[in-house]
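Based on the hints, put chains B and C in the right spot on chain A.
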Amino acid sequence: MGLHIDHISLASPHIFRSADTLLKETGLGYWTGEWIGDTSVNIVPLGPPGNFIEISGFIDIFTLRTMNEHKQWILDITETGDHFNGLCLGVDSMEELEAFAKHFNSTVNKPDNPDPARHFQRADGYILPMASTPSGQRSPWMRGLPNVYYYPDRTHHSSGQPVHPCLNMVEPTGIKWVEYGGTEKDMDDWLGVTGSGEMLKLKFNGKSMGVWAVCVGAYDSDDIVIRRPACTDAVPASKFES
Amino acid sequence: MAAVVDHFHMGSANIYTSIDKLQKELRLGHYDGGFMSNVVIGHKAFPLNAGVYIEVEAVIDPFAVPAGQEPAFQKKAELFGTEVWTGVCLRVDTMAEMEDIAKRVGGKVNPHPSMRIRPDGPLNKSISCPQIPGGKPNFELGLPQWYCWEDRMYRHPSGMPTVPMQGLRKPNGTEWIEMGGDEGTMGKWLGQDPKTLGMRFNGKKPGLYAIGIRTDGGVIELRRPSANQDTLDG
Amino acid sequence: MQIRLNHFALGARNIYEASARLLKETGLGHQTGDWVGNTACHMVPLGGDVFIEIEGTFMSAHDFLKMPKPNYTYDALDTDNEYNGDHFTGMMLGVDTLEELEEIGKRLGGGVTPNWPDPYRHFQRPDGYVRRFQSAPYYEPGSGKSRPRGMPNFYYYPDIPGRPANQPVWSAPHLKIPTGVKWIEYGGTEEEMSAWLDVPKASDILPFRFNGKALGTWAVCVGVEDGDDIVIRRPPTVASIKDPSIYKSTQ
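Residue numbers (the numbering used here), protein chains in the order written: chain A, 158 to 399; chain B, 6 to 239; chain C, 74 to 324.
In case anyone wonders, no lab produced these hints; they're calculated from the structure.
Do not take every clue at face value.
[Claimed, not checked] A few chain B residues facing chain A, derived, Cβ under 10 Å:
(1) G34
(2) A55
(3) Y58
(4) D98
(5) E102
(6) H161
(7) P162
(8) S163
(9) G164
(10) M165
[Claimed, not checked] Mimicking DSS-like on lysine-lysine, the simulated pairs with C-alpha atoms at most 25 Å apart in a straight line are:
(11) B:K80 / A:K267
(12) B:K29 / C:K249
(13) B:K130 / A:K333
(14) B:K141 / B:K209
(15) B:K26 / C:K249
(16) C:K315 / C:K139
(17) C:K315 / C:K218
(18) C:K139 / A:K228
(19) B:K108 / B:K141
(20) C:K249 / B:K175
(21) B:K210 / B:K80
(22) C:K97 / B:K29
(23) B:K193 / B:K141
(24) C:K97 / B:K175
(25) A:K228 / C:K142
[Stated by the list, open to error] Between beta-carbon pairs, the in silico distance windows are:
(26) C:K97 / A:R222: 22 to 28 Å
(27) C:G300 / A:G349: 30 to 36 Å
(28) C:G300 / A:D272: 47 to 53 Å
(29) A:S263 / B:D221: 31 to 37 Å
(30) C:K255 / B:D98: 50 to 56 Å
From the three backbone atoms N, C-alpha and C, an ideal C-beta is built for every residue, glycine too.
This is chain A alone, in the form it adopts within the complex (with noise of 0.2 Å):
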């Protein structure tokens, strides 16, 4: 089985602050452009062999003209900063992503929606399609739980498109290891299999659940550590649980 980490999510108050910040911090690159409806992501790719962070955020503040339980959640999760809000695992065929939204109960968020709207978008035009379960409207990242995406074509990958020249850059050569809240047997758990530490380079540190860390190597430099509080340390994952 092909399950690996595929990106990150940290959720941001904002995006060009939080994105300049990081670069500053460690060296990490960016590019800018790609949304989706009322978000956008800065992308930070992370190297080989395809992972990125996206730093996400709300860009369009309109939105908020009608709430909802998300956008509540991602205000909330943001009020003090960012934090990491997801943990997206990748699967490398249709069957196995199936497999795990019958695992999970639910169905598969389809790549194939005709309305571009529907699917993250980018400056050049390029629409992105991208399969993931579980589906639904509450999504299991607000519990500090990862869900699992398949990309039927890889090829423009947003771990893989160049960055801004940002000053100062390193080049990142992949994630060494995650940092999660919660046990492995807590993963295994939600995931339906055993050893997702090994599986996923995860540590687990006992916290609640979500990532707390990232640590990536980089080209000639030392590796690199990204900290950030997990979103269920600003909202716990209890007020989703019902």
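Showing chains B and C alone in chain A's frame:
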């Protein structure tokens, strides 16, 4: 799993004038791919989406090439006064498939990956097959070779952004590929029906002659001499 | 003193959606990544050193929610129109020296913005470039003075090559190459603008066409290579504000 089209290779005597001519003819975007690790060959690419691209290569350091050892495509490009098609390259997903193919055709996987240094620094690495001992290069025989990309097609050349230009079309892969030779020989080499790759055959000397590129403005034909032709007439 | 066109500000609820829509509508490409303070911008070169900044103000959402209301720009963009709420929020003219800018500021009863040392007070690009600028007229907070809404302000950039008009856009299908602004449809009258610019006739120095409506930009006509002129039509913010008296200062 059946192989799919990965890229088309074009050889040129002057990469800059070739790209200028091609972009005006095709109205498709391109980018600078850097240079090959042998330091001799420069590279530019036209992404066609759908996991496919055209790469155009030319010698960019003639002083590094021993006399008489210029790439065959350069000699033909100079002789014909235009870029030439060198060949078609296919893609499979796993090294296990590469090993099977290499074994089936009596060769092995090339132990030396193809390495290209991009303008922004990182290496672009791909592995090809087959390498057949004592055999002519596959392209000279008009036969495709296969590639496998590491890391889930990380930074695959077909997905890289292009230089902004006025009036570019939006491509979406290829509709057809015109090859020399015959379908039977090709089918035997490929181990799959050539029609699955959109191939059709013109009976000329084996090699690549033209491709039909799908775009949002219809299918556009890109025709150039094959590097295997002896003269412009065939 | 030569007064030039510098840029137009186009306020949008969602600068990404607005840029994509403008690209589809006109073929004009844009750059991403610029930001200053609570505003992010996508820059649209128009040729001839002029650009449109498609601006999204109000980052972070938390800062906006705490902001005193009513808010002039928000209320204008909140007004529906056929452009998903897009409004021209400003026209900015340019001069070539700081001395000229100071002269204008003084003539209009104010000064010029300080050359803020904090880089975050200026436009930033992801590549680290800080695009310093100063503008006029600037009125000290609490002075009770403000620029008449809908009248252009003036800019001075020390670094011309760094301006958005001279930077590359994202590659996209069917881009058009702009060749410069051909005319501007502006509200108000020739007399009002001439007085503001302190020139005998405003349309002699800049390609204005005045429509007598609310002050502000109503349309910009841009030439392109190999194609028909493009007219970008959006209402100015002033046109969508029902009662200007409830707002405290120029935005």
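Honestly, which of those hints from before does the structure not fit?
5, 11, 27, 28
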